[in-house]
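Participant: Here is how the chains run, residue by residue.
Protein chains: 2
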Amino acid sequence: MHKLDEILREIKSRKRKTVVLAGAHDVEGLKALKKAMEENLVDAILVGPKEGESSARELKLEAEYFKVEDPEKIADLTVKLVREGKAQILMKGLIKTSVLLKAVLDKETGLRTGEVLSHVAVVEAPALDRLILVTDGGMIIKPTLEQKVSIIKNAVKVAKMIGIEMPRVACIAAVETVNPDMPETMEAAILAKMNQRGQIKDCIVDGPLGLDNAINMMAAKVKKVEGEVAGRADILLVPDIHSGNFLGKAAVYLAGGRIAGVVVGARAPIVIVSRADSADSKLCSLGLASLLA
Amino acid sequence: MHKLDEILREIKSRKRKTVVLAGAHDVEGLKALKKAMEENLVDAILVGPKEGESSARELKLEAEYFKVEDPEKIADLTVKLVREGKAQILMKGLIKTSVLLKAVLDKETGLRTGEVLSHVAVVEAPALDRLILVTDGGMIIKPTLEQKVSIIKNAVKVAKMIGIEMPRVACIAAVETVNPDMPETMEAAILAKMNQRGQIKDCIVDGPLGLDNAINMMAAKVKKVEGEVAGRADILLVPDIHSGNFLGKAAVYLAGGRIAGVVVGARAPIVIVSRADSADSKLCSLGLASLLA
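Protein chains in written order, with this note's numbering: chain L, 4 to 296; chain X, 4 to 296.
Extracted from the complex, chain L is given alone in its bound form (with noise of 0.2 Å):
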């Protein structure tokens, strides 16, 4: 798929999934979801305190709305409701991410699969002629060099489920050659030769690249970058949160592009949307979520 819309129709023609919103006193949370069910890209079950139900209903939003007031409850809850299989998307509303996670990695209540729980961002930009991953900008906060290999995993799940069979993986960092006083340009080597002695599977990782010649053939051409990667990246693992936060953000904020962020690594995708999103960037990303569930 090249464009998020792509993956939005795609939706549409499915059986639509039920998502869960957790904390939903939480009015932008609900219009989100309310302008999601016009769309017909979800259904919604609702967990909050009861004077998130009268907001519910002054949205006209159609969904069963589960009365609890105590946070960590709310987030048994929601996790309960994914377990038994009545949902396949966790939201999170007005809830601490850390309660919500809290109860999502709870080792025989939760939703754990083994793998990291990270942020998978798929971007849309003017000047790119498909769709791109960046990650982890929205959960790891400084990935271990173990982290970065669950990173990659995840992401290539994602990469696979928007028709990428063997995703091409760019570790990037500022500059292409390994620097010694660059810790992720070593990282980047080593997930290559990990890649290429099958520790990680796949997908194909090359790196380190600079952000430049991992997404542009002519900009790989140039630098003579070779390599099955350099210029035709799909996913892009960045060093830390900061770093892909910024390349995620660069795509709306300086590009006028889009972008769809879900946390995988659990059972069922968790999206988090913040309240800066905007309105096509809360859909999007519930529609991102609902391909993966």
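All copies of an identical chain are treated as equivalent in the list; a pair is satisfied when it fits inside any one copy or across any two copies.
The calculated lysine to aspartate or glutamate pairs, modelled on DMTMM-like cross-linking and capped at a C-alpha distance of 25 Å, are:
hint: 1; residue 1: Lys226; residue 2: Asp283
hint: 2; residue 1: Lys53; residue 2: Glu67
hint: 3; residue 1: Lys226; residue 2: Asp132
hint: 4; residue 1: Lys99; residue 2: Asp184
hint: 5; residue 1: Lys226; residue 2: Glu56
No lab work stands behind these hints: they were computed from the structure.
Please build the complex by placing chain X on the supplied structure of chain L, with the hints as guidance.
Facilitator: Same frame as chain L, but now just chain X:
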């Protein structure tokens, strides 16, 4: 100035400055200079081994050529030409950056000012209504707090030259709240207070801010991020070289925008273009350097 073209127009109306190219056996660098000379932006002096002279001649580049073989001596002569007032801008050709900078930073014969050398990128992107400065995405790998103060000072000087009287500086991070697990958010808070106490002058500093609420007023309002910088930042201080590098390159490779970059902090601006930079970007960088010279 709201567009890079305004800088180029302004430069064409002024007396031309002279660029000295260090390591002039650099066909890409010679081409960039040739173009800038054709556009009436700059004059040039060339310093490099003798094989560069024939390249310059083939390009019909009219400039004095100093034949020097040894890289250290190329760097020394380049710096000397600037000290003597024969050139006002340094440009890196085929010479290691470290060799050139060693001559620039020499305590007796160099071009030190007491400030650190830092990279400033001036970004023009379709979703921006103004030029925005990003620093430091090209020189200091991971600045200390003290270096960040110098980096801000350097960028403020550049901002003034492009007509921003009292630049608004956003210390950006993945989030706009202080998070002890994200050192850059704490340093952002410290820098804001140092500015308030008069320890960083001639600008208004705030942070931590997200990229969105730093440059976009709507995003700042939705998130209720207040202050004199939110939504209207002129300068983005990034935590490290890779995040700034991604942001600058995103302006070009995601947004289809333009970027000009220059190293400041020495007595003369230094242009360090990459081979992968477009001809346009090299031209804009030379234009920006002329404005600062």
